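Please construct the entire structure, taking both the sequences and the accompanying hints into account.
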Amino acid sequence: MAWQLHYTSARSAARSGFQFTASSPGLPPGAEAAVSPYLGYRPPPDAPPAPDAAEIAGFPEALSYDVIGGRRLLVLSRYLGRDYSGRFGNFLAHAVLADADELEGLRPIEFWRAPFWAAAPAGALPVLDDPPPGDTLDPESLCHWLAALDHDPYARLAWLLDTSADRIILVCPDVEEIVRWFAVLAYSLPVETAAALSFTTYTADPVTSPHRLVGTTPDVWASQRTDHPAHPLDRPAPPHTPTPYATAVTALWRAHDLDGLDALSELARLTPATPDAAAILTSLCTPPTPEPAEPRDTPDPTAPEPAGPHPPTAPSPGSDHPTEWTAWTPETTTRPTPAPHRAQPTWPTVTTAPAPHERPTPWTPGTTEPETREGPSAWPPGATGPTGPEKREEPAWAPGTAHPTGPEHPEGRSTRTPGASEPETREGPSAWAPGATGPEHHEGRVGWTSGEDGTTGPEHDGGRSARDDAAGGAGRLGGRVTDVGEEGAGAGVGSGGVDEAAQLLVLPLLSRPDLPSWVWERLRTDLLGFDLAAAVNRLAPDPGAARAAGDRCAHLVLTSPGLRDRLGEFTLEDPAELSVRLSRELAAAADLTVLADLTVIAERLAIPVVGELTRRGAHRLTLEGADDRAVLSALDRVCDSALPALLSGVVEALERGGALLRREVLTGQVCDALAARADRIPLAAASEVSLHLLRSLAARHGIHGGPTLALAERLPGSRAADGVLAARHVATGRDPRAAARALERVDGALAGPTLLAVADALTERSPRFRAALLTSLGDRVRDLLVHRWIETAGTRARRFDLVGVALRSPGTPLDGWARELTRKRLTMLQLETYFRDDQTLRAALRDLRG
Numbered sequence: 001m002a003w004q005l006h007y008t009s010a011r012s013a014a015r016s017g018f019q020f021t022a023s024s025p026g027l028p029p030g031a032e033a034a035v036s037p038y039l040g041y042r043p044p045p046d047a048p049p050a051p052d053a054a055e056i057a058g059f060p061e062a063l064s065y066d067v068i069g070g071r072r073l074l075v076l077s078r079y080l081g082r083d084y085s086g087r088f089g090n091f092l093a094h095a096v097l098a099d100a101d102e103l104e105g106l107r108p109i110e111f112w113r114a115p116f117w118a119a120a121p122a123g124a125l126p127v128l129d130d131p132p133p134g135d136t137l138d139p140e141s142l143c144h145w146l147a148a149l150d151h152d153p154y155a156r157l158a159w160l161l162d163t164s165a166d167r168i169i170l171v172c173p174d175v176e177e178i179v180r181w182f183a184v185l186a187y188s189l190p191v192e193t194a195a196a197l198s199f200t201t202y203t204a205d206p207v208t209s210p211h212r213l214v215g216t217t218p219d220v221w222a223s224q225r226t227d228h229p230a231h232p233l234d235r236p237a238p239p240h241t242p243t244p245y246a247t248a249v250t251a252l253w254r255a256h257d258l259d260g261l262d263a264l265s266e267l268a269r270l271t272p273a274t275p276d277a278a279a280i281l282t283s284l285c286t287p288p289t290p291e292p293a294e295p296r297d298t299p300d301p302t303a304p305e306p307a308g309p310h311p312p313t314a315p316s317p318g319s320d321h322p323t324e325w326t327a328w329t330p331e332t333t334t335r336p337t338p339a340p341h342r343a344q345p346t347w348p349t350v351t352t353a354p355a356p357h358e359r360p361t362p363w364t365p366g367t368t369e370p371e372t373r374e375g376p377s378a379w380p381p382g383a384t385g386p387t388g389p390e391k392r393e394e395p396a397w398a399p400g401t402a403h404p405t406g407p408e409h410p411e412g413r414s415t416r417t418p419g420a421s422e423p424e425t426r427e428g429p430s431a432w433a434p435g436a437t438g439p440e441h442h443e444g445r446v447g448w449t450s451g452e453d454g455t456t457g458p459e460h461d462g463g464r465s466a467r468d469d470a471a472g473g474a475g476r477l478g479g480r481v482t483d484v485g486e487e488g489a490g491a492g493v494g495s496g497g498v499d500e501a502a503q504l505l506v507l508p509l510l511s512r513p514d515l516p517s518w519v520w521e522r523l524r525t526d527l528l529g530f531d532l533a534a535a536v537n538r539l540a541p542d543p544g545a546a547r548a549a550g551d552r553c554a555h556l557v558l559t560s561p562g563l564r565d566r567l568g569e570f571t572l573e574d575p576a577e578l579s580v581r582l583s584r585e586l587a588a589a590a591d592l593t594v595l596a597d598l599t600v601i602a603e604r605l606a607i608p609v610v611g612e613l614t615r616r617g618a619h620r621l622t623l624e625g626a627d628d629r630a631v632l633s634a635l636d637r638v639c640d641s642a643l644p645a646l647l648s649g650v651v652e653a654l655e656r657g658g659a660l661l662r663r664e665v666l667t668g669q670v671c672d673a674l675a676a677r678a679d680r681i682p683l684a685a686a687s688e689v690s691l692h693l694l695r696s697l698a699a700r701h702g703i704h705g706g707p708t709l710a711l712a713e714r715l716p717g718s719r720a721a722d723g724v725l726a727a728r729h730v731a732t733g734r735d736p737r738a739a740a741r742a743l744e745r746v747d748g749a750l751a752g753p754t755l756l757a758v759a760d761a762l763t764e765r766s767p768r769f770r771a772a773l774l775t776s777l778g779d780r781v782r783d784l785l786v787h788r789w790i791e792t793a794g795t796r797a798r799r800f801d802l803v804g805v806a807l808r809s810p811g812t813p814l815d816g817w818a819r820e821l822t823r824k825r826l827t828m829l830q831l832e833t834y835f836r837d838d839q840t841l842r843a844a845l846r847d848l849r850g
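Residue 691 in UniProt numbering sits at position 691 of the sequence shown; the count goes up by one each step and never skips.
Hints are computed from structural coordinates only; laboratory data are not their basis. You may find that some hints are simply not true.
Label pairs and their calculated CB-CB ranges [unchecked claim]: (1) 820 - 629: 23 to 33 Å; (2) 539 - 588: 26 to 36 Å; (3) 668 - 775: 37 to 47 Å; (4) 760 - 669: 20 to 30 Å; (5) 544 - 511: 11 to 21 Å.
Keep in mind that this is a model prediction, so the values were computed, not measured. Just so it is clear, CB atoms sit at the ideal spot from N, CA and C, and this is done for glycine as well.
In structure tokens, the structure reads:
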């Protein structure tokens, strides 16, 4: 149900002056008090104080909208002129207070020029059932009107979308143009979001207006004293990096794709707080098959041209449809006709935001506007039109003059209903009131100065208001993608798809039970990141979409093995289908870590792994310059079933790669890791690698350390390993002769280190055992042990024990060393005391000294 009210200045039985003069029956209690703050009208300051009927017809009409008490309020205010007493200043405010469901499915701006609006006060007002909207703001005509504008209208639309969380004041002498911008903005949003956006198409108090979208005229704005920013429609939009949602919307308007706008709005209504998610999801869908577009009417070449020269029409900045036109000069008799083009429906694709447009030259009141300004005022004196693709000049209009006549704008600009007295357009600097100043652009700051104080509006960083972060609730249109990149919210969104950081915004949408079915049918899984693909695999009701998403996850895992820990987040219908792809990835692996990860992926997805491919890959990558870190990482990550193949490839490459490669790769940690897996390495065919491993382990763990002996046991036929194993029990054996036989078998590259290690261990045995051992050894081993013992006899106890060995085994190199020791009198006395309990040794000591 919708109730009507009329408010005007009249004389009644109760009182005289402004009052409610009529209302629908059954008006809810308190409705008049709730509506009253929205009823008012003041003409622009430059309007004539005593206008006649023709001048009154040119006064701007004000359509305002807001939500009060859960109901929708529409008010159309128009100037009437004189009231009952003959005084000027009277107006009629026609209000419609409707239940929310009465306007369901409609955007409030659609009620501009609705048939129920009254031009004069009425005596009786019926209740409206299903109030009919107007018919002047259809999206198709708005498409053509938008394309015909200058100053890059799509950049302006993107700015309006992304800043509509704040109050926006549009300044234009033609209220019709403000209405069209409000309509374009409303059609760019879901119906519910547009219904939450209050507006007024004209007010003489723009700063104090309670509405979010405010329209006013230049003379009104020039009279304001405020630092609040305004947006004049004869200037470019402020520099701005559009959000994904704004980027998608402007692309659809540019392409005249109304079906795409409907689809985008259908998704955006599901996530009113994050409309970017809808834009990103839409960009990930395949465009529907376009229906053949109706050909546009071509102008009649025989139609008479309006009087006066007109410059040619050029395509709007950034238009996707270049217009073919021939050169025009003032001498030509006819204006060239733009070649018609067919509007091709497209699907919205979120792309990286375009660069901000160039800054216009600022100007101040009382000065001549710079020639760089677009529009007729920029032409030099005497010129009949621009020499480039400027907009054509339109007749000037002012209150009290006849409405300009002429054919419809050649670029498709929609016009007022025939017979309307309000001007079609009042664009260009010539319509701007003296005293108002233009927009200033400096260092990212965009402001609108008003009056003489020079105050400017708040700063806009890239078109984003400081209040954006705090804005919320219905009507938040341009929420930005966070953590996407320094290039703006649209960064990471390109022709090849949307980066994964931005795709995360889409995840909540996929779990919505009311998500349109066409999303699953058209979703391009080849553009999905892993998180989104895994979600589609789990949530898609369409089996084909789920299967394609699972394959996409597998592809991403194969090409980005760092995802191997997330293999449990998706399922594959037939893993064997990936065998060929896996084989290609194995053959083309960039490093050993990737190769190892691929084997894990194959094992977890139950894809047969070809061991030979793993071996060849490891061999190739090792020879190409793998380092110790790569080998260690691969050994940690490779699946168990592929470990032998990987080890085989690495060891074969090290065997053939030369000593330099082995030194670079076979560090202590790598040697330990390989030794721990020696049972799975074909070391028998890699003698150089085996020897390097054995040396490294002996140096780090000792010749008879556990890792060294374990590796030696796995090297049958290796002389070095046999020598290590032969000497391992010498230091602990009981039979000196058996120990001597074992030492005689020590041979190979590690013979020296092995014998030295045994010599060190034997220093803990008794002099008697060592003497018996020396007696049974050949000269080679005996001399090596003797020299080692002499070198390590650093303490008196060790020296005296070694003298005991020399006394029990005469005829060895120890004799000369011991004789030199006894030449010192004090040392001799100490030795006699040391051997006092063994008279045989004391006698041998005296004989040794001579």
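Tested hints:
A hinted range of 23 to 33 Å is violated for the C-beta pair residue 820 and residue 629, which are about 54 Å apart. Our hint of 26 to 36 Å for residue 539 and residue 588 holds, since their Cβ atoms are close to 33 Å apart. The beta-carbon spacing between residue 668 and residue 775, approximately 40 Å, falls within the hinted interval of 37 to 47 Å. At roughly 26 Å, the beta-carbon separation of residue 760 and residue 669 lies within the given 20 to 30 Å, and the hint holds.
Checked against the hint of 11 to 21 Å, the pair residue 544 and residue 511 passes, with Cβ atoms roughly 19 Å apart.
When held up to the earlier numbered hints, the structure conflicts with hint 1 and nothing else.
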